[in-house]
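**Q** Sequence:
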Amino acid sequence: IMSNVAVMSMDHYAIEPDFALALTVLNFIFTTCFILEMIFKMMAVGPRRYFSDNWNRLDFFIIVMSIPDLISEVVPQLKQLGFMTVFRVFRIARMFKLISKAKGLRTLFNTLIISIPAIFNVASLLLLVMFMYAVLGMNVFGSTDRFDGVPHVNFNNFGTSMLTLFRIFTLDNWSSVLAVASDCNDYGFQCNMGSATSVIAALYFCSFCIIGTLVMLNLVIAVIIDNFVESAQSEGLLQTNNFVDLLQMVVTLKLFVRIMRQKLESLKAKAERRRKRMAKTRRRSSLHVLTGAGSSGPLSALTAGPSSAGGGGGPRSQVDVGKKTN
Numbered sequence: 031i032m033s034n035v036a037v038m039s040m041d042h043y044a045i046e047p048d049f050a051l052a053l054t055v056l057n058f059i060f061t062t063c064f065i066l067e068m069i070f071k072m073m074a075v076g077p078r079r080y081f082s083d084n085w086n087r088l089d090f091f092i093i094v095m096s097i098p099d100l101i102s103e104v105v106p107q108l109k110q111l112g113f114m115t116v117f118r119v120f121r122i123a124r125m126f127k128l129i130s131k132a133k134g135l136r137t138l139f140n141t142l143i144i145s146i147p148a149i150f151n152v153a154s155l156l157l158l159v160m161f162m163y164a165v166l167g168m169n170v171f172g173s174t175d176r177f178d179g180v181p182h183v184n185f186n187n188f189g190t191s192m193l194t195l196f197r198i199f200t201l202d203n204w205s206s207v208l209a210v211a212s213d214c215n216d217y218g219f220q221c222n223m224g225s226a227t228s229v230i231a232a233l234y235f236c237s238f239c240i241i242g243t244l245v246m247l248n249l250v251i252a253v254i255i256d257n258f259v260e261s262a263q264s265e266g267l268l269q270t271n272n273f274v275d276l277l278q279m280v281v282t283l284k285l286f287v288r289i290m291r292q293k294l295e296s297l298k299a300k301a302e303r304r305r306k307r308m309a310k311t312r313r314r315s316s317l318h319v320l321t322g323a324g325s326s327g328p329l330s331a332l333t334a335g336p337s338s339a340g341g342g343g344g345p346r347s348q349v350d351v352g353k354k355t356n
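Residues in the sequence shown are numbered from 31 upward in steps of one, following the numbering used here.
Some clues are possibly wrong.
Heads up, simulated SDA-like pairs for lysine to any residue below, C-alpha to C-alpha not over 25 Å straight-line [stated by the list, open to error]:
#1 Lys127 <-> Ser212
#2 Lys133 <-> Arg118
#3 Lys71 <-> Arg136
#4 Lys127 <-> Ile65
#5 Lys109 <-> Val119
#6 Lys131 <-> Thr62
#7 Lys133 <-> Leu66
#8 Lys298 <-> Val287
#9 Lys131 <-> Arg87
It should be emphasised that the hints constitute simulated quantities derived from the structure, not laboratory data.
Let the hints inform the model, and build the full structure from the sequences given.
**A** Following this line, the structure appears as C-alpha cells:
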C-alpha cells in the first residue's frame, strides 16, 4: 500500500512517455495484487463473512472502482471518455486501506466517524450563537458609519454579518474589526471610549470570542476525546469506557505509587536503624566478655567453683551442681 501511494505521488505535469509507461505498469501490478488479495480473502472466509466486515466492504468498493481505470490502461480508447477521470480519482482511496491494517489509525478513523453526530450538534449550537450575534450586530453597528470604508467586513446585512462573525471566530485579525467598531485611529491605539457604541463593541466582540472560539471549540475537543476513549476501548487499547474513570485511575495509580514509595523508604530507614542498634549491642557484648567486667558476667559464671555459689557447698549448691552436670 505504501509503495502504491509513493508511485501515485510521482505523477506530474509534462511527464516523459517512458516514465508514464513505468507508472502505468506499476499501477497495473498494484491493482492486480489488490484484486487477488480480495479474491483470496473471500475464498478463505466466505462471501457472507467477508461482507459482514465494514472494512472489507470499503476495500471491495475501492478495488471495484479501480477496475475501470485498469481496463482503460489496456484499452486506450476508453481514456477519451470523460467519466474515466472520476474512476482515476478513486486511486487516492487506496490509502484508506492503511486504516484497516493499523490499529491506531483505525481508532482515530472510528473516532472521527462516531464524533460526526455530536460535532453536528455543537455546530448547530454555534450557528445559533452566530445568528443571535449577527442580528445583534446589525442592530448595534448597522446604523453607524464606522464600517462604511470596509466593504467585506460590516454589519449592513445578515449575510455580511455572518461572514464577519466567521472571520472573528477564526481569530483572523479580529482586533482590527474591534478597532473599527470602537472608532479607533489608524494605529488602533486611541479609541472613542466616550461613546456607548464603543463600549458595547468591546463587550460584543470579546464575549463572542470567549463563547464562540474558546467554549465551543473546547466543547468539540471534549466530544472528540470522549469518543476516542470509547473507540480505543472497543479496539482493546483501554480497559475503561469513561474518560473520567480513566483520569481517576491514573490519579489513583500515581497516588498509590507515591504512598508505596514513602512506605518503602520508611521501612528501609527502620531496618537501617535496627541494624545499627544490633551492631552496637554486639560490640558492647563482645567488649564485656573480653574484659570480664562484672561478677555476673559470662566468663566469671563459668569459672566460679561450686563453693562460691552457696557459701561452703551446701545441699542446695550440690543439687544445683548436679542439675548443671546432668
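**Q** If a hint holds in the structure, say so; if it does not, say that too.
**A** Hints versus structure:
Restraint check for lysine 127 and serine 212: the C-alpha separation of about 54 Å exceeds 25 Å, so the hint is violated. Straight-line distance between C-alpha atoms of lysine 133 and arginine 118 comes to about 28 Å, which puts the hinted pair past the 25 Å bound. Distance check on the hinted pair: lysine 71 and arginine 136 sit about 20 Å apart at the alpha-carbon level, within 25 Å; holds. At most 25 Å may separate the alpha-carbon atoms for a hinted pair to count; lysine 127 and isoleucine 65 meet this at roughly 13 Å.
Among the hinted pairs, lysine 109 with valine 119 is consistent with the structure: their alpha-carbon atoms are about 13 Å apart, no more than 25 Å. For the suggested pair lysine 131 and threonine 62, the alpha carbons sit about 19 Å apart, so the restraint of at most 25 Å is met. Taken as a hint, the lysine 133 and leucine 66 pair is honoured in the structure, with Cα atoms around 24 Å apart against an allowance of 25 Å. Taking the CA atoms of lysine 298 and valine 287, the gap is near 16 Å; set against the 25 Å cutoff, the hint holds.
Proximity of lysine 131 to arginine 87 is assessed by CA-CA distance (about 14 Å); at most 25 Å being required, the pair is judged to hold.
Checked against the numbered hints listed earlier, the structure breaks hints 1, 2; every other hint is satisfied.
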